Amino acid sequence: MLDFTSHIAGPYSTKLLADLGARVIKVERPGGDCARRLGPFLGGVQQIERSGTYQFLNTNKESIVIDLKRPSAQELVRRLAARADLVVTGFPPAVAERLGLDYASLSRFTSAPVLSITNFGHGGPYRDYRLSETTLFAMGGEMFSHGLANREPLKLGGTAALLQSGAMAGIAALGAVHARELHGIGQRVEISLFDAQINSTDRRSASILAYRFSGRVQERPAGPASGIAGGIYPVADGYVEVTASFGNYWQRFVDMIDDDALRQPKWLLPQTAMDPAAKEEADGIVYPWMLSHTRQEVWREARRAHAMVAPLFTGRDIFNDPVFRERGLWTELEHATLGRLPMLGRPYVFDRTPWRLRSAAPALGAHTAAILHDLGYSDSEAASLRSEGAAS
Amino acid sequence: MNDYLPLAGVRICDFSAVWAGQSATMYLADMGAECIKVENPFIWNPMTRAASPRLTAAAAAMIPPWMGGHPGGDPGPRPWNNCPAFIHVLRNKKSFTVDSRRPEGLAIVKALIRVSDVLAENLAIGTLEKLGLDDAAIRRERPDIVILHMPAFGRTGEYVEGRGYGSHIDAVAGSTILRGYEDSAPATNVQIFAGDFWAGAHGAIAVLAALRHRRRTGEGQTIELAQVECSAQMFPQAALDAAWNGQEQTSDGNRSIEGFVPNGVFPCRGHDQWIAISCRSDEEWRALVAFMRNPSWTQDLSEATIRAAHQPMIEAHIADWTANRDRDELFHALQQAGVTAGPVMSSKDVAGDPHLAATGAWQSLPATADYPETPFGVPPYRFSRSAVGLRTPPALFGEHNDYVYRELLGVGDDEYAELEAAGHITNTYDPELVARA
Numbered sequence: 012m013l014d015f016t017s018h019i020a021g022p023y024s025t026k027l028l029a030d031l032g033a034r035v036i037k038v039e040r041p042g043g044d045c046a047r048r049l050g051p052f053l054g055g056v057q058q059i060e061r062s063g064t065y066q067f068l069n070t071n072k073e074s075i076v077i078d079l080k081r082p083s084a085q086e087l088v089r090r091l092a093a094r095a096d097l098v099v100t101g102f103p104p105a106v107a108e109r110l111g112l113d114y115a116s117l118s119r120f121t122s123a124p125v126l127s128i129t130n131f132g133h134g135g136p137y138r139d140y141r142l143s144e145t146t147l148f149a150m151g152g153e154m155f156s157h158g159l160a161n162r163e164p165l166k167l168g169g170t171a172a173l174l175q176s177g178a179m180a181g182i183a184a185l186g187a188v189h190a191r192e193l194h195g196i197g198q199r200v201e202i203s204l205f206d207a208q209i210n211s212t213d214r215r216s217a218s219i220l221a222y223r224f225s226g227r228v229q230e231r232p233a234g235p236a237s238g239i240a241g242g243i244y245p246v247a248d249g250y251v252e253v254t255a256s257f258g259n260y261w262q263r264f265v266d267m268i269d270d271d272a273l274r275q276p277k278w279l280l281p282q283t284a285m286d287p288a289a290k291e292e293a294d295g296i297v298y299p300w301m302l303s304h305t306r307q308e309v310w311r312e313a314r315r316a317h318a319m320v321a322p323l324f325t326g327r328d329i330f331n332d333p334v335f336r337e338r339g340l341w342t343e344l345e346h347a348t349l350g351r352l353p354m355l356g357r358p359y360v361f362d363r364t365p366w367r368l369r370s371a372a373p374a375l376g377a378h379t380a381a382i383l384h385d386l387g388y389s390d391s392e393a394a395s396l397r398s399e400g401a402a403s
Numbered sequence: 176m177n178d179y180l181p182l183a184g185v186r187i188c189d190f191s192a193v194w195a196g197q198s199a200t201m202y203l204a205d206m207g208a209e210c211i212k213v214e215n216p217f218i219w220n221p222m223t224r225a226a227s228p229r230l231t232a233a234a235a236a237m238i239p240p241w242m243g244g245h246p247g248g249d250p251g252p253r254p255w256n257n258c259p260a261f262i263h264v265l266r267n268k269k270s271f272t273v274d275s276r277r278p279e280g281l282a283i284v285k286a287l288i289r290v291s292d293v294l295a296e297n298l299a300i301g302t303l304e305k306l307g308l309d310d311a312a313i314r315r316e317r318p319d320i321v322i323l324h325m326p327a328f329g330r331t332g333e334y335v336e337g338r339g340y341g342s343h344i345d346a347v348a349g350s351t352i353l354r355g356y357e358d359s360a361p362a363t364n365v366q367i368f369a370g371d372f373w374a375g376a377h378g379a380i381a382v383l384a385a386l387r388h389r390r391r392t393g394e395g396q397t398i399e400l401a402q403v404e405c406s407a408q409m410f411p412q413a414a415l416d417a418a419w420n421g422q423e424q425t426s427d428g429n430r431s432i433e434g435f436v437p438n439g440v441f442p443c444r445g446h447d448q449w450i451a452i453s454c455r456s457d458e459e460w461r462a463l464v465a466f467m468r469n470p471s472w473t474q475d476l477s478e479a480t481i482r483a484a485h486q487p488m489i490e491a492h493i494a495d496w497t498a499n500r501d502r503d504e505l506f507h508a509l510q511q512a513g514v515t516a517g518p519v520m521s522s523k524d525v526a527g528d529p530h531l532a533a534t535g536a537w538q539s540l541p542a543t544a545d546y547p548e549t550p551f552g553v554p555p556y557r558f559s560r561s562a563v564g565l566r567t568p569p570a571l572f573g574e575h576n577d578y579v580y581r582e583l584l585g586v587g588d589d590e591y592a593e594l595e596a597a598g599h600i601t602n603t604y605d606p607e608l609v610a611r612a
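Those protein sequence lines, which keep their order, are chains A and B. Just so you know, the first sequence maps onto residues 12 to 403 in the working numbering. Just so you know, the second sequence maps onto residues 176 to 612 in the working numbering.
Certain hints may be false.
Said to hold, decoys possible - Here are some of the chain A residues that sit facing chain B, going by a computed Cβ distance under 7 Å: (1) Gly152; (2) Gly169; (3) Leu174; (4) Arg327.
Calculated from the structure, these hints are not laboratory results. Just so it is clear, the structure is predicted and the values come from calculations on it, not from any experiment. All C-beta atoms in this analysis are idealised placements derived from N, C-alpha and C, irrespective of residue type, glycine included.
If we strip away everything but chain B, and leave its shape as in the complex, we get:
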């Protein structure tokens, strides 16, 4: 059977961590690459499989849901296999374990590189080099490999030693300063990780492009994706306003950079219920006014440029009007009246959304020892012929050791037993590492 996968026959040696790197390789795995995650049972990579390798239910409850919301509130003995923050970026991948700091482990990694088409990493600067895997060493094993580096602030230049997660990258990329309340200092901003999403998508695009060049010419190459430079492109309006006009854009709360008035988030009936409304044209404004039954305050506001001068007044009136209305009824009624509106959906709302259910956004995955049967999100791109989708569940730690060592690398029974005895081959983190956590 031909499943027409775009990256059929491509193998990735995946050293990626956290979200940016792990999502980049996930998108490539979605496209059919065989993505083999290299995991070290003696090193706990922060923000890559769970908050901690040892996590009680009480401790998990103290951690925000996106990170601490393990099944039934209890992470169990293997938190790394059921942390909601990370298993969703492990779909369609394989996982194998090896301590690459030891010679026999490094030899295994090199053997994997020899049969890989792509090597991807976003570890702290210098990590691979310390293992003896600089670009030249990688290319000695596989001359035509595509190497993707995703450093936070670049591999050259004065910021090379900068350390950071998504929130720090967002800060330097200009995202954080643009996303606060218009009446508050940026110090009240909460962390968000838009840069991880962005860098992950661009990492996948870069590799897809490099693989196309390689298929046509046989030539591999090295890609450097400095996450901060990539993320700066998420805010081109602010960057170009500065570059062209010397203007400094700051946050305008929920108002529109596209000149839509009104544009914002308004309270609805019930606890923490909100609706987003944008009048993207004067026509949509007229539709909103008609829908509100022509209240007197809307007079003389037919043009966006006039409305722009009265935003606080307009927003206060709309908030009064929405406050006692049902959010979802209002959403559908406004859309049917020709006004752009959308509910501010919580994770619970999304999980129960009828449109997502009707359009196949979820796929139930069977229970494992670490989580019950659960609907997982499918990739957003739908291909009519290529089997681009959720083909295999998130890779459990060390789940594919047998495949990688025996089938792929041809390790014999004796060597396998030795490597297992030496702790390379396992489906759990080193007990001492767990005890120390």
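Same shape as in the complex, but just chain A:
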């Protein structure tokens, strides 16, 4: 795969394929992918080879640095594209055209499918608009209903929306590979981050359809919980998430807490769910129980009772959790200059073709020389590409 993407969404889509065995040649601009400047940095030292964001997103890839604006870079890109099974770009449409890396130009020298990942697509009034994690989630239709009614809408943590859109692009990439191998065709494949948010699961499609069906708009709720029990409760060492308000989930919740006062039939009456005094009475039993147990103790009881209750983990919990460790959520990478480092491991377990970390994210331009050689550039031609600043 020939990968022209940078930042977060595009590189996540190509990481998914790289981690499953694809050879991904990542073309970086001089100075490197902007994700190299994003934290967390190993030891807090801001340096382009120490970025956690970059290291996560670029495992198993090779890095070649090309200044796409240089005339002699064109032949280099042509040779790379001609040998690719899939080309992935992340340029805004106007930039792709300017660089000659739009589909019309690329398809002149490769029969491979070209996946173009853009902010807002290749047409329409927002085509050339800018986008960030926060504006993407805001426009995606879910932020409006996330948070509390009397406060501002809330984003997700980290860069979740960009990564989600990257995952959707990963589906498109593999679809393009299948179509090529099954039907022998290349084609233009496009996905916009905006579309990936709008028309996807996670309340978005549902809320839009609900509006079209009923005219009802999904708004932010006044408070986190509804019914007798539900939402987030404080426990001895943190918080737990609870669903107990419908189906047989109340019974399981009661089994978890194991207090006879909650076993009375009155709790199952529909009017009880609406009664603030009943809620107060239940809280009088539930809160003390919660506060006298740790997250792991609550979760153990919840698993016994099959209650819909789970602890709020932090990044540190996820790193230290012995069950996740034993199952293999974490792996280690061997980095040429940073040494051995923990890295998030497989998102899925394949019993025949396992997810595998073959190499850490590449140092900037680490593979330039080898790739130029592979492409048939002689040493002197490679040297002149370097002296012209086309490759480094």
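Add chain B to chain A, keeping to what the hints say.
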């Protein structure tokens, strides 16, 4: 006519439920797989087709819109065919009914497995095993099948008996702790289901990869996607900060993890109108300052690192400035000035958005007995040659019984009549189950 579908010829026996599983198989159906949803008319699978099989208009009105917003506010006699939370993950699929707990029903399911390339499920741990369909039994019917399991917390290890929906998976995956107001305890967080979206996409990717291996080698395999482990990858910055530096990241409200200042959501004129603004560079900050006509408070804030030390002050000034402005005018004006901005769009805003309308994000589907003609979202990926798109409307319950039983499995008229009389073949849930709901 060749429609060049990437998964032409692939059939999925689909036991998936809720959103994570059902969206995974939807993406595969988008790519051309024939996805056959196995539905049991005697079992109500929660959070899979509607809030309840029996739902009055008054009851639906008490349920939040994304779940309770049935057509015209009235679910009618078949809420499972028009719940907005679920029919959107049924596009491009087929549905057939069978009570797989009875021997003749299980025989039908096994016959379907024999002609399937993929089996997908995310039922509670042990559900398929109870039916007698553990992996070995499935492989006896179809040795080269690709099996996708999507358990919440894994099929091995101490958390195997954990139960949960998206919100519980978000909690353990580290999502919930990172998405609250910076000045409030996490107990005020409302539920969200980012993990369903995420796990669904990854389930599809895993199957796409396994099918490629199968086409090249003839070998099937089993995939285990523990939704919580998958979702933990949605927050790599927090996980790696903990792993590398021992740092515990918490929520910072709407501020940016990428160091953008300002980055947030600001009020606009009117009720519940908000605009998101990110200055992704010092250049964008200068563009914002110029656009605001250089107010005095912006002096000496040209560098992001300096602005980072004054975030509350900057945010308060911007909120003052946006408060009496029209959200959409400001959105376009800021974008044209070179500032990253976007309206916080409600479902109504999205439905009326001119860009989405202009770029073909919707496709009107004809009326059925259960919903009127309605624009539905199309898949986000657009292929120039492969017919990857909204090809068939959401599968109604039991809509494809005739196709599956007669055409695909070759069931004859007599057997069909027997199975129908025994309640396997139907387009409605069992009346007793409905009455009990």
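Hints, verified against the model:
1. Gly152: Holds, because the Cβ-Cβ distance from Gly152 of chain A to chain B comes to roughly 4 Å (cut-off 7 Å).
2. Gly169: holds, 5 Å
3. Leu174: Given a least distance of 6 Å, the restraint on Leu174 of chain A holds.
4. Arg327: holds, 4 Å
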